[in-house]
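> Each chain, letter by letter, is given below.
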Amino acid sequence: MTVQPFLIEMKGISKFFNGIKAISNVNLNIRKGTVHALMGENGAGKSTTMKILSGIYKPTEGTILMEGKEVFPHTPKAALDYGIAMIHQELSPIFEMTVAENIFLGREPLYPKVHLVNYPKMYKDTKKMFENLDLSINPKKKMKELSVSEIQMVEIVKAVSYDSKVIIMDEPTSSLADKEVEQLFSIINRLKKDGKGIIYISHKMDEIFRIADDITVFRDGEYISTNLAKDLDQETLIKQMVGRELTDVFPERSPSIKEEMALSVEGISAPGYFENVSFQVKKGEILGLTGLMGAGRTEVAKAIFGMIPIESGSIKLKGEPIKIKEPKDAIKHGIAFVTEDRKEEGLVLPMSVKQNITLTSLKDVSSGPMMKRKNENEVADDMIKRLKIKTYHRNQLVETLSGGNQQKIVLAKWLLTNPQILILDEPTRGIDIGAKTEIYKLMDHLTQEGYSIIMISSEMPEVLGMSDRIIVLSEGKVMGTLSSIDATQEKILSLATANKMEV
Amino acid sequence: MNSQLSTNTYKETKGKANVKHMLSEYGILLALLGMVVVLTILSPNFLTSANMLNLFKQVSINAVLAIGMTFVILTKGIDLSVGSILAFSGIITASFVVGNDTNLFLGIIAGLGAGLLLGAVNGIIVAKWKVTPFIATLGMMAIARGLTYIYSEGQPISGLSDAFLIIGTGGFIGIPFAVWIVLITFAICSILLYRTKFGRYVYAVGGNENAARTSGLNVDRTLMSVYCISGLLAGLAGVLLTSRISSGLPQSGVSYELDAIAAVVIGGTSLMGGRGRLWGTLVGALIIGVLNNGLDLLAVSSYWQQVIKGAIIIIAVLVDRKRT
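Protein chains in written order, with numbering that gives the first Met the number 0: chain S, 0 to 502; chain L, 0 to 323.
Quick caveat, the hints were computed from the structure, so don't treat them as lab data. Please read these numbers as outputs of a predicted model, since none were measured by experiment. The beta carbon of each residue, even a glycine, is placed where N, CA and C say it ideally should be. Careful, some of the hints might be misleading.
With a Cα cut of at most 27 Å, we get these calculated DSS-like pairs of lysine-lysine [said to hold, decoys possible]:
id, chain 1, residue 1, chain 2, residue 2
1, S, Lys342, L, Lys129
2, S, Lys143, S, Lys112
3, S, Lys315, S, Lys331
4, S, Lys141, L, Lys129
5, S, Lys342, L, Lys75
6, S, Lys389, S, Lys373
7, L, Lys56, S, Lys331
8, L, Lys127, S, Lys371
9, S, Lys327, L, Lys196
10, L, Lys196, S, Lys373
11, S, Lys324, S, Lys342
12, S, Lys324, L, Lys196
13, S, Lys342, L, Lys127
14, S, Lys384, L, Lys196
15, S, Lys143, L, Lys196
16, L, Lys56, S, Lys342
17, S, Lys324, L, Lys308
18, L, Lys196, S, Lys362
Label-pair ranges, simulated between beta-carbon atoms [said to hold, decoys possible]:
id, chain 1, residue 1, chain 2, residue 2, range
19, S, Pro308, L, Ala310, 44 to 54 Å
20, L, Val306, S, Gly105, 35 to 45 Å
21, S, Phe16, L, Trp278, 38 to 48 Å
22, L, Thr131, S, Lys120, 30 to 40 Å
23, S, Pro308, L, Leu137, 25 to 35 Å
24, L, Thr131, S, Glu251, 49 to 59 Å
25, S, Lys127, L, Ala310, 50 to 60 Å
26, L, Leu137, S, Glu89, 30 to 40 Å
Between the sequences and the hints, there should be enough to build the whole structure, so can you do that?
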C-alpha cells in the first residue's frame, strides 16, 4: 500500500495521565495525498492521539516522524510550524471579529516600519484563499454572521493557510447539512490532489466509506488495525471497533420490572433539538437512551426536566398528564435529573458534602425559614453511609473529592427528593472502574426499591450491561427500541449511525 | 484522584494541615492583632478608650455597608450603588427630622424604606432583566445620587432634632449606639446567612447558579433579596451618618462602596461568589478603620494613606488566593 510516501509516522506512542493509561503503543502512518479515517468508540483514544499530533498533549513515550525526520510538536504553535493543523469539533472562532481577522489571528500582515495592521492586504489575501477553494464567503463579514457550515469552511481555510501538510478534522460534519457535506468533500478532494494528508475522525459509516483511503481502528486506548478502506466492509469495521466481551463490572440484573407504567413520553418535540420522541418507562425498569454525540439524548432529558421547552407532545406520570415548566415542577412530580456534567450543573463546588446533599430538600431539614442543624447532619450522615461516600467528614468540601464520590453526592442529593423517576445522564463518566461498579450496583438496588431509571449513556458496555430496554436516537429521532435480550453493540451502532435495519 | 488515597492523606497530615488551615482561616484576625500591637507601640494615643470609641464610630458606617455587600458578593454580584443610596436615605431621613417636634420614628423608617426600595430596584434589574450587577448598580449609583440632589435641591439639610442626634452621639453602658447597631446588624445577618434556608441559597447561587437552578432553587428570588438587604443596610448607614454629622449632606457617601468592597475582600470573601464569611467582613472593616486611624495618629500624609490602603487590598487578595 505504499504508492504514496508517508507524511507522518507515529511510532509506539503512549500517553499516561497521572499514571492512568489514555493510549498505549499507538502506530499511525499517514500517506501523502490521502484521507485517513480514525475510528473507534468514545474514549477509544482517537482524540488523545490527535491532541498529541497537534501539540496539545506531550506523548509519554514514542516518536513522531514527519517525511522521515523526527519532529517534536510539543505545543500547538510548534505543530503548526511543522505543518500540522487541527480543526476541532467544537469550533471556537472569535465571533466579534471578521473572517479575515480570524484567519490571520496572531500573524496579521503589517505595514513595514510603522507596524500597523495592513488590512487591505489581509482582506485581499483572504479573498484569494477562498477563491482558490471555490468558496464565496465575504472576508469582511463578522464570524457571528456566518452559518455553522461557513464557520467550518473558514476554519479549514485557516488550517490550510498555515501551509499545512497535515490537516486533522475532528467530526467535521457533525453540524453540517447534506449539501454542506458535499461542499466539504469537494474541498477535501482538492486538498488531496495538492498532496496534503487529511486525518478524518467521524462516527458516520457512510461518510467514512465515501471519503477515506485508509482506516485505522482504536479500541480502549489501543491501536487495533489499519486497512485500506476498499478492503473493509461496514460489518468487519464495527466488529473491530467493538470487539470485546463485557467484563464483570456489571451486576446481575435482578428482575424488578412491574407492570405499572411510571412515565410515558408521547410525541414530544423541541425544534432544533429533537422531534416526535415517544417512549415509556415502567416501574422498576432501567431504560437506556443512547445514540451518538449530538443525537439529542441529553436534550430529551432536559425537556422532561423542564430545562428545554417542549413545543408539542405530552408527558404523563402514571397515566396522568403533567405540566413541567421548570426544574422545580419536575422535582415536585418526583422526577430527578443527575446531569451529565457534575461540575457545571450538578455540584456547588465550594460547598460541603452535607450542603450539597441537602440542597434539593432544604425544606425537609428546616422549620419555616430556619434550618434544623441536627436534623440536616443526620440526613447527610445517613446518605453518606447508605451510598458509601468516602469522605472524612460531612463538612468536607466536595471539590476535594474524587469523581466517583462526587457522583454519589449528586445521586444522594436527588434520592433525598424521593423521586419515582431517576434520569441519569452519563452516570459513570470520568470515574474509575471500582466506583463504576458501585454505581451500577446502586442502580440495580434502586430498581428493586421501585425506582424507574432512564439512563443516558454513550458507553456501549454500560448501555448493554445495565438496560432492560434500549432506545437509540439519531439526529433527534427515535431510530429503534431494542430489548436487552436482542441488543448487541453492532445493532445499536447501526441504528445510531442512522442506517435503517430490519429487526 | 482516588478517594481512598485522599482520605488517607488527610489523616496522615492532619496535624500539619490543621495548623495551616487555622492560619489561613484566621490569618486576617492575626493581621488585625498585629496592626494593633504595632500601633500601640508606635503611638501612645492609639490604645486609649477615647481613640478606640472614635475608631469604632468611624468603622460603623463602613461595617454596616460591608455586611450588606457581603451578601451581594457571595452571589457573585457587586453593589456599586451603596454610597449613593446612603446619601439618598440620609437626606430623606434628615428632611423628616428637621426641628424638635418631628416624628423621629417616621423619619428613620422613611430613610430605611428609601434604601430598601432602591435596593429592590437593583434586584429587579439584576434578577429579572438579567443586567450584569456591575452595570445595574453603576446605573443606580448615578440615579440615586441624582435623586438625592433633586430632593435636597443640592442643599444640605441641617437643624435636626436633638433626639435624632443621640443615635450618632449617644451610647448605652459606655458603648456608642453606632457600635450597638453594627453588632445587632451583624448578629441578625449571621443568623440569616448561617441558620436559614435563604443563607444556604445565597451560597449555592454564588457557588454554581446552574446547579442551584437545576436543584429547583428560586435563584431569582435569592438575587432579588440580596440586593434588598444591601439597599436596606445602605439606608441604615445613611441614617447613622446623618445623625453623626448632624445634617443631611447630598454629597455624602461618595466612594463609600469602594471601602465596603475592600472590607469584604480583605475579609476573605471571593468576588467569584460562593465562598466567604461574614465575620471576615467585620474584621476587614476593622482593618481598614485601624489603618486609617493609625496612619492619622502617625501623621502619615493622606496621600500616602491611599497608596497604603490600596496595597493592602491587593495583598489581601493575593494571600487569599493561596487560601483556596
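> Measuring from beta carbon to beta carbon, are Phe16/S and Trp278/L in 38 to 48 Å?
41 Å, holds
> Go ahead and decide if the range 35 to 45 Å is satisfied by the Cβ distance of Val306/L to Gly105/S.
38 Å, holds
> Within 25 to 35 Å or not, the Cβ separation of Pro308/S and Leu137/L?
33 Å, holds
> Could you grab the alpha-carbon distance between Lys389/S and Lys373/S and see if it respects the 27 Å cut-off?
21 Å, holds
> If you draw a straight line from the CA of Lys315/S to the CA of Lys331/S, is it 27 Å or shorter?
With Cα atoms ~14 Å apart, Lys315/S and Lys331/S stay inside 27 Å; holds.
> Given the hint that Lys324/S pairs with Lys196/L, does the C-alpha gap stay at or below 27 Å?
23 Å, holds
> Hinted pair, alpha-carbon criterion (27 Å max): Lys196/L, Lys373/S. Please report holds or violated.
14 Å, holds
> Return holds or violated for the Cβ distance of Pro308/S and Ala310/L against the range 44 to 54 Å.
51 Å, holds
> CA of Lys141/S to CA of Lys129/L, is that 27 Å or under?
Distance of about 26 Å is within 27 Å: holds.
> Is the hinted range of 30 to 40 Å satisfied by the C-beta distance from Thr131/L to Lys120/S?
Between Thr131/L and Lys120/S, where Cβ atoms are some 38 Å apart, the hint holds.
> Is Lys143/S within 27 Å of Lys196/L, Cα to Cα?
42 Å, violated
> If you draw a straight line from the CA of Lys56/L to the CA of Lys342/S, is it 27 Å or shorter?
Violated - the C-alpha atoms of Lys342/S and Lys56/L are around 44 Å apart, more than 27 Å.
The structure shown violates the earlier hints numbered 2, 7, 8, 15, 16 and 17.
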